[in-house]
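**Q** Using the sequences and the accompanying hints, generate a full structural model.
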Amino acid sequence: MYQLLLTRKYLTSKIMPLLASIAVVLCTAMVLITWSVMGGFLKNLVKSGRTMIGDVAIVWPNVGFPHYDELISMLEADPMIEAACPMIESYGLVHLPGDRNELVVVKGVDGPSFDRVTGFADTLYWKPLAKPLKKDKQQQDWRNRQHPLWEQKQKDGLALEEYDPATDRMVGAAVMGIEVSGYNIREVWGGYTPGIVIVPQPDGTTRDVQVLMFDDTVTLNLLAMDGSGHSVETKTRKLPVANEFQSGLYDIDKQTMIVNLAVIQDMLNMDEARRLDPTIPYDPFAIATDPVTGREIPAPPPPMLIEPARATTVLVRGVDAEADPRILAERCRTIYKAFAAAHDKQVPPIGSIRVSTWEDQNRTLISAVKKETGLVLFIFSFISLTAVILVLAIFWSMVSEKTKDVGVLRSIGAGRLSVAMVWINYGLAIGLIGSLLGGALAYAIVLNINPIHDWMGEALNITIWDPRVYYFVEIPNEVEPDKAVIVMLGGILSSTIGAIIPALRAAYLSPVKALRFE
Amino acid sequence: MNRVQPQPNRRRQRPTMALLEVQHLRKTYRLGRVEVPVLHGASLAVEEGEFVAILGASGSGKSTMLHLIGGLDRPDRAPKGEPDASVMFDGHAIGSMAARELDRYRAGTVGFVFQFYHLLPELNVLQNVMIAGMVRHGLAFASHRGESRARAESLLGAFGLGSRLRHRPAELSGGERQRVAIARALINEPRLLLADEPTGNLDRKTGDAILDTLAQIRERTRQTVVMVTHDAHVAARADRIVKLEDGRVVAEHSKPLA
Ligand SMILES: Nc1ncnc2c1ncn2[C@@H]1O[C@H](COP(=O)(O)OP(=O)(O)OP(=O)(O)O)[C@@H](O)[C@H]1O
Ligand SMILES: [Mg+2]
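As they're listed, the protein sequences go chains A and B.
Going by our numbering, the first residue of the first sequence is number 450, and it counts up by one from there.
Going by our numbering, the first residue of the second sequence is number 2, and it counts up by one from there.
The reader is advised that the hints may include incorrect statements.
In silico SDA-like pairs for lysine to any residue, Cα to Cα no more than 25 Å straight-line [claimed, not checked]:
#, chain 1, residue 1, chain 2, residue 2
1, A, Lys458, B, Glu123
2, A, Lys584, A, Phe921
3, A, Lys684, A, Gly547
4, A, Lys962, B, His231
5, A, Lys794, A, Arg812
6, A, Lys458, B, Asn125
7, A, Lys458, B, His145
8, A, Lys463, B, His231
9, A, Lys794, A, Ala722
Beyond 10 Å from chain A on every Cβ pair, some chain B residues (computed) [unchecked claim]:
#, residue
10, Gly96
11, Asn202
12, His231
Covered stretches of chain A, going by a simulated chain B footprint (3 or more residues, C-beta under 8 Å) [to be verified]:
#, region
13, 759-767
14, 863-870
Hints in this document: simulated from the structure, not taken from any laboratory.
As the structure is a computational prediction, the values presented were derived from the model and not from experiment.
Built from N, CA and C at the ideal position, the CB exists for glycine as well.
**A** As structure tokens, then:
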């Protein structure tokens, strides 16, 4: 009874509780904002790492395996599997305009099927935009300029083909990671503009040339191997660049090049071909007798084998993106087993094939993200500790100031715990008010973090989240309800604990000492 | 003025005993290694309806004794071979009470008035008086609210504070504050009022007015009062004076010293 009266009076007649509430508001908001933004950032990172690799990959590196079309039909027949596609992964050296070489991971894919599995089309960069990027206030984005080129680029990029006027045919093309060439300049507004290089002229002057990677050609060098894995020769091919892609993960965009599957198969001798049967000895200079004329003729080659095209990888996408990829991987393994049984000796046995989930493949990234999350949580615990100690300090001084009141209350017959309740109510009230307001504040800030940040950039010239540096255009702006609840409960709890400790100390002081307290 | 209700006539359980019997009180304060012996074997008996003044020099242990009587503190145990300290109130040993009983004793049976008033600064005058009722009744206060409020108002009215009910203690003079403190001590109709130098912080004139107030209460209710003071003039207002010296009660005067 009297506790409520006193709690209310203490809350309303002093400036201290206001300060304490503000402290709780700020601490709660700060922790929640940091957690939401960092968490969103890490989530984006993992999400980006997931693009381009599907949910599960069935891999036989280097040499690859044949009959993958059959495996893909078997996989796609399964209700758990949405789509599957072939891929050849290899390493190559790409020669770029301006006489530069870059080491790249080459992914030979069939555009449309690769898109069904990985959403490749969404990552294509040069395409018409439905609406300009939010930060692109001055309309600097080339893609906003109405031009039929963008639609053509989008189509070509997805098909991984480009029209070759010289031969009047469609030829296999490449889609480069947007960061591979280094010629695309990342802008403050979050997009890219083709960069300018200074080209020296024969007459000693220089000329500025804008490098349009998406419309240029590159030369790709690959190391071809035979069916047994021996390197045979280096293959070189000039490829038109149909488009560029942005996956959202810098490392991937910096090192990956996507090329038409047929081109890669051809370069790596993995295409369908008639080949000699190595089990039959074959002497190209052997002489045979023509059965009709009786004359000596070069002996005909022995019957040739049709060796089907090969791929190193089959990527699989599950129906449910949120499902545990390990279950999907298990299913793929089962299907592969049936496939291997049907093609005994021709494809790697189930024991040696590698079936890995996107999580397995992104292990380094995920573990880095986990480490970072751990670090963030570690920092949080410090921030929270600071907050708790701050609240404790404020309450300690407030309760100390009121020690004499505790003595008075004890002298008129109030029990220890009953006196302590005054302060516990007090801490609880401040915690509740502070946490709720702090949660609301954090929510408002995180939701509007991008406009706020833009405003800061314009008004105060402070740009913290520079897309040139951070790669993500937008600051993550989602508050997860679970996190909000945890942080708010934490705020309430620490305020209450912050109050309980000094309250108990005061309540357990002997009343005489409390009365004498100055 | 007649609204201050007389004390209900409580029947004494043990007619042979005084209302309050204090025997062999000992208290030594320890400050690290240093021991400050304050009381050693102080004894006192107070009859129902009596007004006793404990007179002693500053530092003689008067406040300590009052705190022991009021259950705010506990006496030391006696050394071997000497009688144990005891505070008996109406036949009940304060020393053997559990914490809860002691709380109830302070809430309902005794009322304290301190030298420095000790009002709660955030509460107004009326709330300062009523809070003692709230503490005493706990959750049941709701059903005592009207009665408690009427009594608080009548006490404050009798003390000339009827128009100051909504004022904060900081807005009152020392004498007014002390009257609020007396009203708080009396709201639960305690059988024993303990006053620790109630005039110690006031000038003589205001102090006399406070003593008049006490006298006025006693006239109406035969309120039992134990008051400590270092001022013989103040002590003279009591029925009986005991002197505290060297931690013992050394002399009794049933008639006031002049
Ligand atoms: N908590 C304590 N710790 C140590 N010494 C104490 C404590 N409380 C009181 N004392 C000492 O005990 C002695 C008696 O104190 P007490 O307050 O009972 O005296 P008093 O007679 O009421 O004096 P005054 O008239 O000044 O109020 C004093 O010397 C004081 O210094
Ligand atoms: Mg004293």
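**Q** Please flag the earlier hints that this structure goes against, numbers listed from lowest up.
**A** 5, 8 and 13
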